[in-house]
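Peer 1: The hints should help you fit chain B onto chain A, whose structure is shown.
If you want the building blocks of each chain, they are given just below.
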Amino acid sequence: MLLPSGAWFFALLVAPLVILLVFSFGERAPQGGYAPAFTFDNYARLPTRSTAFVNTLGLATAGTLLCLLVAYPLAYYLATRAGAKRTILLVFIILPFWTSFLIRTYAWLTILGATGIPALLEAVGFGEVVLLNTPFAVLLGIVYNYLPLMVFPLYVTLERLDKRLIEASKDLGAGRLETFRQVTLPLTAPGVLSGVILVFIPIMGEYLIPALLGGGKVFLVGNALVDMFLQSRNWPFGSAAAIGLILLVLVAVAAYLWVGSRGRVERQVSLL
Amino acid sequence: MDRLLRGHSAFLFLFLYVPIALVVLFSFNAGERAGELRGLSTRWYGTALSNVFVVRALQNSVIVAFSTAIIATVLGTVAALALQRARRVVRTAFDVLTYTAIIIPGIVIGIATLIFFVNLWGWLNPWLAYLWGVLAVPGEPLEMGQGLHTIVAAHVVFTMAIVIVLVRARLAGMDRTLVEASADLYATPWRTLRQVTLPQLSPAILAGALLSFTFSFDDYIIASFVSGPGQSTLPMLIFSSIRRGIRPEINAIATLILVVTLSSLFIVSLIYRRQAARTAAARRAAAVA
Numbered sequence: 002m003l004l005p006s007g008a009w010f011f012a013l014l015v016a017p018l019v020i021l022l023v024f025s026f027g028e029r030a031p032q033g034g035y036a037p038a039f040t041f042d043n044y045a046r047l048p049t050r051s052t053a054f055v056n057t058l059g060l061a062t063a064g065t066l067l068c069l070l071v072a073y074p075l076a077y078y079l080a081t082r083a084g085a086k087r088t089i090l091l092v093f094i095i096l097p098f099w100t101s102f103l104i105r106t107y108a109w110l111t112i113l114g115a116t117g118i119p120a121l122l123e124a125v126g127f128g129e130v131v132l133l134n135t136p137f138a139v140l141l142g143i144v145y146n147y148l149p150l151m152v153f154p155l156y157v158t159l160e161r162l163d164k165r166l167i168e169a170s171k172d173l174g175a176g177r178l179e180t181f182r183q184v185t186l187p188l189t190a191p192g193v194l195s196g197v198i199l200v201f202i203p204i205m206g207e208y209l210i211p212a213l214l215g216g217g218k219v220f221l222v223g224n225a226l227v228d229m230f231l232q233s234r235n236w237p238f239g240s241a242a243a244i245g246l247i248l249l250v251l252v253a254v255a256a257y258l259w260v261g262s263r264g265r266v267e268r269q270v271s272l273l
Numbered sequence: 296m297d298r299l300l301r302g303h304s305a306f307l308f309l310f311l312y313v314p315i316a317l318v319v320l321f322s323f324n325a326g327e328r329a330g331e332l333r334g335l336s337t338r339w340y341g342t343a344l345s346n347v348f349v350v351r352a353l354q355n356s357v358i359v360a361f362s363t364a365i366i367a368t369v370l371g372t373v374a375a376l377a378l379q380r381a382r383r384v385v386r387t388a389f390d391v392l393t394y395t396a397i398i399i400p401g402i403v404i405g406i407a408t409l410i411f412f413v414n415l416w417g418w419l420n421p422w423l424a425y426l427w428g429v430l431a432v433p434g435e436p437l438e439m440g441q442g443l444h445t446i447v448a449a450h451v452v453f454t455m456a457i458v459i460v461l462v463r464a465r466l467a468g469m470d471r472t473l474v475e476a477s478a479d480l481y482a483t484p485w486r487t488l489r490q491v492t493l494p495q496l497s498p499a500i501l502a503g504a505l506l507s508f509t510f511s512f513d514d515y516i517i518a519s520f521v522s523g524p525g526q527s528t529l530p531m532l533i534f535s536s537i538r539r540g541i542r543p544e545i546n547a548i549a550t551l552i553l554v555v556t557l558s559s560l561f562i563v564s565l566i567y568r569r570q571a572a573r574t575a576a577a578r579r580a581a582a583v584a
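These protein sequence lines map, in sequence, to chains A and B. Residue 2 is where the first sequence starts when you use our numbering, and the numbers rise one by one after that. Residue 296 is where the second sequence starts when you use our numbering, and the numbers rise one by one after that.
Bound conformation, chain A alone (with noise of 0.2 Å):
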């Protein structure tokens, strides 16, 4: 029963890895694509290229945390709506997500593109503005089409919450401001934590958002991976790229784990 699983995983998952760590210690072939060696040298070489890691993880970082700051309000503001509202509300903030990733990042195209909101900001003279194929268009595009995901475990969380505890709070004395430090963050970092896990990784492994929005300027490892895969046709260090993005992100899910035990552990929010 478990065998045609077993062994789709097995030849599609655990194989193509395999040969993507054996091409890692390669060389490249006169011709592009790999030749057979055994050097640390694409390894080595990871250091040099490390523009585009280091890119990715600022902006996956400025993306997640943009993506939080905006959808936690939006989240209590779910939760804390009566009955049938809020989950005609969740459904309405989740459904974009089901659309497609490729059009709702198109769809930014044209309104930053010169057309759009430029022309616009122009007619009110304010001089050339460029948005397009800038940091700040790639981390627009990356909360527009994260934030339903972020919104999720936030309100599981957040529609658990025991108001009672809130009212207590305020009934002891303690502000707005207090009460939310103190009762209610603790209370939903577990579902923040899954929230920014969930966001986090797949960011680290973009490439439609930099190539579409942030044209050839904003390099990140997905386009730097496509670049090495189908461009300079460097198959060995493409691969000793792309193990290097694989330990990255193996990294985040350990640190997600890691401060995932500590403290209580009583109520878990497991979305993964």
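Warning: the hint list may mix true and false statements.
Claimed, not checked - Partner residues aside, some chain A positions facing chain B, computed with beta carbon under 8 Å: (1) Leu3; (2) Leu14; (3) Tyr257; (4) Leu258.
Said to hold, decoys possible - Output of the computed footprint for chain B on chain A, the stretches with three or more beta carbons under 8 Å from beta carbons of chain B: (5) 105-117; (6) 164-172; (7) 221-227; (8) 237-246.
The set of hints was computed from the structure by calculation and includes no laboratory data. C-beta: ideal position from N, C-alpha, C; glycine also.
Peer 2: Frame of chain A, contents of chain B only:
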């Protein structure tokens, strides 16, 4: 405070929907340029649907997405059911595989699968040529390469993992007593599976199938790596069109995709609602009896 939250939420709703609305609006643009709206017309739908490349890409996408959804749902559900009774070692191994498949970025899956297939064909094709010679089969020997099948193979890895996670979660929360009751009433394991377990799992299975279809239909990066020459999926076509300059056709195609995705969501939610109503009615009948 509440007013602030309400304003923030309202702004975000606009933020989420205005870009999509603009795409839909501009798909009916009668004008030539993508940026300027000049009256309404459906001409771009006509252009898009009569474009042979668009139609073929759409066909490819639908074929790949359907195949992926079916294979992933069947294999994933079977695996989830089998994992209930598996040994601890096997279950941990599958956990690792499943979460690896979900966590690894799509681009890495695309790259690794490409390398795998290139190596596979490099090894397999000479053997096929040899076989052809040995068996004296007339005509050219079969030569395997990249194609729609390789896209499906790569998509199934991720989608099957999702199905396994969803179905296992549902299994964990399922009412065991019903299964025991069914066995007590002399039902064979197969019958129990068919009449008790699977209906209870159907929301998870349905959700898994829908997610698999949507993911596969919408995927660009994996498809672009493992597809065969001349066999584009719709996202690949859209992406290269965007790269060459925004054409109003894209708005029409995009709106069509939106309609397809939303209607499939709607259909599935209807099926789910009917299933839930039927289960509730059955439960009420059982409670009365």
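Peer 1: Does each hint fit the structure? Answer for all of them.
Peer 2: Hints versus structure:
Of the supplied interface hints, the one on leucine 3(A) holds, with its beta-carbon coming within about 5 Å of a beta-carbon of chain B, less than 8 Å. Given hint, leucine 14(A) at the interface with chain B, holds; its Cβ is 5 Å from that chain's nearest Cβ, closer than 8 Å. Hint status for tyrosine 257(A): violated, given a least beta-carbon distance of 10 Å to chain B, over 8 Å. Given the 8 Å rule on beta carbons, the hint for leucine 258(A) is violated: about 11 Å separates it from the nearest Cβ of chain B.
With 11 residues having a Cβ less than 8 Å from any Cβ of chain B, the stretch 105-117 of chain A passes the three-residue criterion, so the hint holds. With 0 residues having a beta carbon nearer than 8 Å to a beta carbon of chain B, the stretch 164-172 of chain A misses the requirement of three or more and the stated coverage is violated. Given as covered by chain B, the stretch 221-227 of chain A passes the check, having 3 residues with a CB less than 8 Å from a CB of that chain where 3 are the minimum. Coverage of the stretch 237-246 of chain A by chain B holds in this model, with 4 residues showing a Cβ closer than 8 Å to a Cβ of that chain against a need of three.
The earlier numbered hints that this structure contradicts are 3, 4 and 6.
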